[in-house]
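Chemist: Residue strings, one per chain:
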Amino acid sequence: SQTIHQWPATLVQPVGSPLSLECTVEGTSNPNLYWYRQAAGRGLQLLFYSVGIGQISSEVPQNLSASRPQDRQFILSSKKLLLSDSGFYLCAWTGTGFYGYTFGSGTRLTVV
Amino acid sequence: KNEVEQSPQNLTAQEGEFITINCSYSVGISALHWLQQHPGGGIVSLFMLSSGKKKHGRLIATINIQEKHSSLHITASHPRDSAVYICAVRSYSGGGADGLTFGKGTHLIIQP
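As given, the protein sequences belong to chains A and B, one line each in that order. 1 is the number of the first residue of the first sequence in our numbering; add one for each residue after it. 1 is the number of the first residue of the second sequence in our numbering; add one for each residue after it.
Bound conformation, chain A alone:
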């Protein structure tokens, strides 16, 4: 069966520090992968999506970047965090074709 792993679960980082959040999927190949962010009091917002290794599309210009070094690995990064980067980050995947979304357990990031 397919599973999705996301870590860490919580993270407190100072302003200006780097960020790396990792998401991996098991039990499937060539998934479509997504990074979403949920800011306090707001709905989920798509940040990045990827249809294959090295293929990244950005939905919202920001202080973040994403990479997909392997088929089932999706990484969200920042060189220098801002206070406004605080939020709840979720990784998700879908299969090829038309399938439901499966979400990771999320990372709660607090930038201080």
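For the record, the hints were derived by calculation from the structure and aren't laboratory data. Keep in mind it's a predicted model, so treat the numbers as computed, not measured. Treat the hints loosely; a few may be bogus.
Derived SDA-like pairs: lysine to any residue, alpha-carbon spacing no greater than 25 Å straight-line [said to hold, decoys possible]: (1) B:LYS104 / A:GLN62; (2) A:LYS79 / A:LEU11; (3) B:LYS104 / A:ALA39; (4) B:LYS1 / A:ALA39; (5) B:LYS1 / A:LYS80; (6) B:LYS68 / B:GLU5; (7) A:LYS80 / A:TRP7; (8) A:LYS79 / A:ALA9; (9) B:LYS54 / A:GLN2; (10) B:LYS55 / A:THR102.
One side only, chain A facing chain B, incomplete, derived with CB under 8 Å [what the hints assert, rightly or not]: (11) TRP7; (12) ARG42; (13) GLY43; (14) LEU44; (15) LEU46; (16) LEU90; (17) PHE103; (18) GLY106; (19) ARG108.
Label pairs and their in silico Cβ distance ranges [stated by the list, open to error]: (20) B:PRO79 / A:GLU59: 16 to 24 Å; (21) A:THR10 / B:LYS55: 44 to 52 Å; (22) B:GLN14 / A:GLN73: 44 to 52 Å; (23) A:PRO18 / B:PRO39: 24 to 32 Å.
Don't be surprised by glycine CBs; every beta carbon is placed ideally from N, CA and C.
Starting from the known structure of chain A, fit chain B onto it as the hints suggest.
Modeler: Frame of chain A; chain B shown alone:
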């Protein structure tokens, strides 16, 4: 860009009550998802539907494509149903892996 509106934003009810959460969207879609987010933040996909009605246990989801409206019903509500319920739509696209547009969620509390 699709606009997704949910109502009510907050709902408190007594155990056993019949619950209805509504979702409306502005642009034609290929699918609508109902998601459940528990206090820890993890998100679970409840339903994905593109027409008609689906039922799973005490949960029922309906969609009216012509009216661009969906409802999530909970029968015989229980305190463990307390969570944030999120509506998300997948719009038609000309290509690429489009993600979801999310409503802001309905915070449901079921009191014993």
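Chemist: Any of the earlier hints contradicted here, and which numbers?
Modeler: 5, 11, 20, 21
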